[in-house]
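Engineer: So the chains spell out like this:
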Amino acid sequence: MGMTIIEKILARASGAKKVSPGDLVVVDVDTAVFIDNAFLPASWREVLKVHDPSKIVVIFDHRAPASDRVSALSHVTGRAFVKRFGIERFHDVGREIGIAHVVVADRAYALPGTVLVCADSHTCSGGAFNCAARGVGAPDMIYAATTGKTWFRVGETIRYDLEGKLAPGVTTKDVFLHIAGEFGEHANQNVEFGGSGLKHLSLNARRTISTMGAELSAEFATFEADDLLLDYVRKRNPGPFEAQYADADAVYKHRRAIALNQMEPLVALPDTVVNNSVAVGRVAGEKIDQAFIGSCANGTLDDLKIAAHILNGRRVADGVRLIVTPGSQEIYRDALRAGYVETLMEAGAVVTNATCGACGGGHMGVLGPNETCITASTRNFKGRMGDASARIFMASPATVAASAIAGVIAHPGEFTKEFQL
Amino acid sequence: MSGVISDRVTGRVWKFGENINTDLMLPGHVHAASEEEQARAVFSANRPGWAKEVVPGDFIVGGRNYGMGSSRPAARSLRNVGIACLIADSINGLFFRNCVNFGLLAVECPGVSAEFAEGQTAEVSLADFTVLNTATGKLLQALPIPDNLLALMHGGGIYPVLEKQGLIAPKTKTAA
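Protein sequences, first through last, are from chains A and B.
My numbering numbers the first residue of the first sequence as 1 and each following residue consecutively.
My numbering numbers the first residue of the second sequence as 1 and each following residue consecutively.
Errors might be hidden in some of the hints.
[Said to hold, decoys possible] Have a look at the derived ranges for each label pair, beta carbon to beta carbon:
1) A:TYR232 with B:PRO56: 49 to 55 angstroms
2) A:ARG337 with B:GLU36: 44 to 50 angstroms
3) A:GLY15 with B:GLY156: 28 to 34 angstroms
4) B:LYS171 with A:GLU88: 50 to 56 angstroms
[Stated by the list, open to error] Here are some chain B residues the structure puts well away from chain A; computed CB gaps all over 12 angstroms:
5) THR130
6) LEU149
7) HIS154
These are computed hints drawn from the structure, not numbers from a lab.
All residues carry an ideal CB built from backbone N, CA and C; glycine is no exception.
Just need the whole structure built from these sequences, with the hints factored in.
Structural biologist: Here you go:
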């Protein structure tokens, strides 16, 4: 029997002809991405040797520019690590900074068919690039940097065939919320995405889905490679790669079709992501204090574009804070050139520098007691964005933008009839 | 790494539900804090005071997908409050990695949460990967843990291995 995409990548990386669910594989790591959190005093251990500095990338993102003394110290430690081992791919506070998984996409560090690790759960973002990208722990990162290797348990794979085309104003965030609501967690399983609808989805749109794979508790979230992806990667990264494709007789635990034209805007209710999605109408009218658009899942140029389209010529409601955080400074510059930033700011949004920011409750948009937020980011766990009594609803950037105007949770439909990406 | 590995561990059970997430075990507001502060904050949002009640050697029995969420070192916090073994219906893959990484014994045992009440005693055999409820006599089959991962769990995780190989410096007091 044949292999799924992820099985093919892991077989190649471990030097095996074939891997199957249940196997424990030791693989060569092609790219090890260190974020600023890795250098926090409670996490970091002094590295004496590295296996290959050219395979290491360092990106400051969670608290950058430094938000307090401890994060400033982590940056100092990170810079010393970069200098000591001559790491060239370093994204410090400045022109090339951004959220690690977004920079990984901007620069195509996640090469198709390769293995990438980072100590952040949303590393699966790189799966949109046909890459075995996985969040690991801090010790795994130091192990990968010093030995060049890591291990994975091979899980069974669930295949999602995306068919048709999304209606205007419906985004892949809604597709994700549909999958999470309908099928729940996918712990210890892989998810694989393909199908005839893929050609209608930009890489940004695909990345929203792969990034949210972490919220399904999936081991890996991997997309089929197509020309759109391969052209994008070749233009940005000269590194060698070989995209991996599922065998015709690959074995899937389940194979599910998703009709994109039937998707509608959804909202995840507070406190947990899976089995928690409802139609926007179910919670429409719920008063909000803050609206957030950003993170590795929803800080793309597509996300800023739809938010700007909705907010163009309109105003954020009194008493509501709309915070918009582009995923990288590169995206920020693109959004400036396209006029999105001016539109958002005129409407009353605060557009911040690129960072994880409010998504993780680290800085720039932390919630207070009993506040209500609607967020287009990664996660709505209790207490994640600030006080444990705050309620976090999670939706698409379109729904968040429409809600910011209304001051209450609102369906984006009336604003997006003409919208085209 | 200790040369003697007991193949049987016993402890008093604390019960937790399904989809227990990392942010409950290691809240964001102590993510940048010391290990000691992180340990004091375990389950502070959903079960205030719990971290003080735990006695070293206690077990946690949880439901499905225990430890979903982020890559933060929440497994280390459980180890630091004294949890000797985590048993759950299933354990999130990333959290399981961190149990290996930081040396927390973690056993997946389908159906375990239905068979234990809080305060009962669980006996885990690492020879045949069974879980016994000493109060009811119910014996459950757990999933085996590969030898090399079990050795890391028992040996304090990955760092002692890397120290031994001269790849990282020994932990200094100020690093905590």
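Engineer: Each hint needs a verdict: does it hold in this structure or not?
Structural biologist: How the hints compare with the structure:
1. Taking 49 to 55 angstroms as the suggested C-beta distance range, the pair TYR232 (chain A) and PRO56 (chain B) conforms, at roughly 53 angstroms.
2. At about 48 angstroms, the beta-carbon gap between ARG337 (chain A) and GLU36 (chain B) stays in the expected band of 44 to 50 angstroms.
3. Taken as a hint, the range 28 to 34 angstroms holds for the pair GLY15 (chain A) and GLY156 (chain B), whose Cβ atoms sit roughly 29 angstroms apart.
4. A C-beta distance of roughly 29 angstroms is found between LYS171 (chain B) and GLU88 (chain A), which places it outside the suggested range of 50 to 56 angstroms.
5. No beta-carbon of chain A is positioned within 12 angstroms of the beta-carbon of THR130 (chain B); the least distance is around 20 angstroms.
6. Listed as a non-interface residue, LEU149 (chain B) fails to keep its Cβ farther than 12 angstroms from every Cβ of chain A; the least gap is roughly 7 angstroms.
7. With 12 angstroms as the threshold on Cβ separation, the claim that HIS154 (chain B) sits away from chain A holds: the shortest Cβ distance comes to roughly 15 angstroms.
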